[in-house]
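Undergrad: Protein sequence lines, in the order shown, are assigned to chains A and B.
Residues 1 to 376 in our numbering are what the first sequence lists, from first letter to last.
Residues 1 to 376 in our numbering are what the second sequence lists, from first letter to last.
Simulated from the structure, these hints should not be mistaken for lab results.
Wrong hints could be hidden among the right ones.
What the hints assert, rightly or not - Calculated cross-link-like contacts (lysine-lysine; reagent style DSS-like; alpha-carbon spacing at most 27 Å):
| id | chain 1 | residue 1 | chain 2 | residue 2 |
| --- | --- | --- | --- | --- |
| 1 | B | 18 | A | 41 |
| 2 | A | 294 | B | 81 |
| 3 | B | 246 | A | 49 |
| 4 | A | 81 | B | 81 |
| 5 | B | 41 | A | 49 |
| 6 | B | 294 | A | 122 |
| 7 | A | 106 | A | 160 |
| 8 | A | 81 | B | 294 |
All values reported here derive from a predicted model rather than from experimental measurement.
Number of protein chains: 2
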Amino acid sequence: MDFHLQTQDKGSKARAGKITTDHGEIATPIFMPVGTVGSVKAVHQRELKEDISAQIILGNTYHLYLRPGLDIIQQAGGLHKFNGWDRPILTDSGGYQVYSLAGTRKIKEEGVTFQSHIDGSKHVFTPEGVMDIQRRIGADIIMAFDECTPYPCEYKYAEKSMHMTHRWLKRCCDRFDATEGLYGYNQTLFPIVQGSTYKDLRVQSAEAIASFEREGNAIGGLSVGEPAEMMYEMTDLVCDILPKDKPRYLMGVGTPANILECIALGIDMFDCVMPTRNARHGILYTSEGIINIKNKKWEDDFSPIDPNLGGYVDTFYSKAYLRHLITSKEMLGGQIASIHNLTFYLWLVGQAREHIINGTFIDWKNDMVKKVSNRL
Amino acid sequence: MDFHLQTQDKGSKARAGKITTDHGEIATPIFMPVGTVGSVKAVHQRELKEDISAQIILGNTYHLYLRPGLDIIQQAGGLHKFNGWDRPILTDSGGYQVYSLAGTRKIKEEGVTFQSHIDGSKHVFTPEGVMDIQRRIGADIIMAFDECTPYPCEYKYAEKSMHMTHRWLKRCCDRFDATEGLYGYNQTLFPIVQGSTYKDLRVQSAEAIASFEREGNAIGGLSVGEPAEMMYEMTDLVCDILPKDKPRYLMGVGTPANILECIALGIDMFDCVMPTRNARHGILYTSEGIINIKNKKWEDDFSPIDPNLGGYVDTFYSKAYLRHLITSKEMLGGQIASIHNLTFYLWLVGQAREHIINGTFIDWKNDMVKKVSNRL
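Given the sequences, and given the hints that come with them, work out the whole structure.
TA: Below, the structure written as structure tokens:
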């Protein structure tokens, strides 16, 4: 993997860059649609490419390990071949799911024992095992196995957990570096900064993570319920420590405003289930603000969903029709809203990138944060 | 509406024809995807046109009357404008839904009182009212308000109901002929033959319906649980009475084999929820037979779904990936399977039409009935 830093904004810490993988280039800042079990919910691969202009999507190790299972993915020739997405893929390590989804789990130094949320079967994830699993899934960018602490989290627990995450990272790197990709293209490993909402822990963790000198770095354990200002403070602190010449990935963030603010702090990559999950419940993020399409006010609004975006669903379908589909619980409603929200997120980061390159980012960002937070 | 009978098969009663409406032509025999509440479930309008090659879709009076309601549809400029489908639409009269979905309903000579399945509110459908409703919805082809008898049905009830359906038809025609379309294009009214599974009633009903001399005729009250042979017998009988120079529509039919057999009996138009409903449960109709994609045997079958069809989903996605999506209850699974099944149904009637025109229908049909009934 290669990262080329193209522009550093003068009015903020925002950057524009280009990541090159064996499955193609990614222009940053970028938003990555979440395809948990190998499918971005309700969206065809053709739509991801042609309508949404997604450049990289996420998969999830925990979910893919349980279904369809590694044998099937490996027989297919890796996740790209299995799901037909031939651009870059990043896999989350499964740490977050093991803690949040799995019912009974035990975290020990060796690893985590957990039960499948599907059939209750017992499984063990260790740092080494999760590297092997991600080798078999075959994502271009794979994530270290960490512990994602909840919010709020006691200082002592956060400190102890962070040190374990660092020790686990060493084990991840050792295993990753001792193995090779199975499908003829390169994979790279991103470590994850933890430390909850404690400044000193975040500084310590960022320094430790930077010292591993991997090709990119991630920030985890944020956007788990803490106030946005706290998330920005931690992100700012950590970005100042993580190396400038490598991409920075803020995991699980967030609203359009969160993304704009964190681009301004130096983040290059984002992922979040929000645009697709909220779409299915009728929440639309648009270039003019947030729409709850279930509200009666949209019942007779026959204007297109968001003509500023110019995409298929945004110009073809009306708000009134989409409202009808969502309130009638028609699948097509969730499909249209998902494509729309993802199109908007990709449009938003694309606009941010253009403004960074043109030197007009900060004014645009301040204006846009207000606009996209506005409830219509 | 105009119907041009192009070819009459020599080896059977199959026909190839062309229906012309103000929203374009329909080549028959044709299958009409069902878009109950104004959306063919899980399928974008673009996919209906470009991938499935649908020429006409159905809407349902009962469902559209309840949601989004007639005011909204009329404000949009009719159903075509509301849902963005600019090719022909046919609306079912709602009779079937009032009997099968609505809990408490009372059928009287004047009309039917029923309760909404959504909120329990009380409504009345009369023949005149249903004509007015379908004028407001604005389909190209609208259906008479009839009583669809269940199977089995006592002779006396079937006879009494049939006579009421005929009296209702007179009221439908009077109201329809006394009114005009609201949106600047023509609408036409199809009457419906009833008579349950009784030969003498079917003959009586077909003769009565033919005497109204409408532009097309439908056969209702079949495919409600009776054996297929009985359905074919009734269809054969009725087709021999209904005029040759007008399209014949067999309502709610059926499996691929049912459709092929009924084309051979002289049916021109079909609709059925089967391809979309069964798709969502993982049942695929293919050019080689029926697939239950949930079966473990497809788990590692990385071949395309049905390469014979040549469509997007059929060549792009593998059986193993589709199985994974359906068993994981991912929306995309239902989407892919729905597009596939509809593509197959439209392919099948298109093939039938070609073979009728080329004079090779009957051998192809006999061979194909076996193939498409085969469980893979």
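Undergrad: Next step is simple, just say for each hint if it's right about the structure.
TA: Outcome of the hint check:
Our distance criterion of 27 Å between C-alpha atoms is broken by residue 18(B) and residue 41(A), whose separation comes to about 40 Å. For the proposed pair residue 294(A) and residue 81(B), the alpha carbon gap of about 20 Å is at most 27 Å, so the pair holds. Taken as a hint, the residue 246(B) and residue 49(A) pair is broken in the structure, with Cα atoms around 45 Å apart against an allowance of 27 Å. Taking the CA atoms of residue 81(A) and residue 81(B), the gap is about 40 Å. The hint is violated against a cut of 27 Å.
Between residue 41(B) and residue 49(A), the direct Cα distance comes to roughly 23 Å. Compliance with the 27 Å bound is thereby established for this hinted pair. As the CA atoms of residue 294(B) and residue 122(A) are separated by approximately 24 Å, the hinted pair is consistent with the 27 Å bound. For the hint linking residue 106(A) to residue 160(A), the alpha-carbon distance of about 15 Å falls within 27 Å, and the restraint holds. Of the pairs offered as hints, the one joining residue 81(A) and residue 294(B) holds, with about 20 Å between alpha carbons and a cut-off of 27 Å not exceeded.
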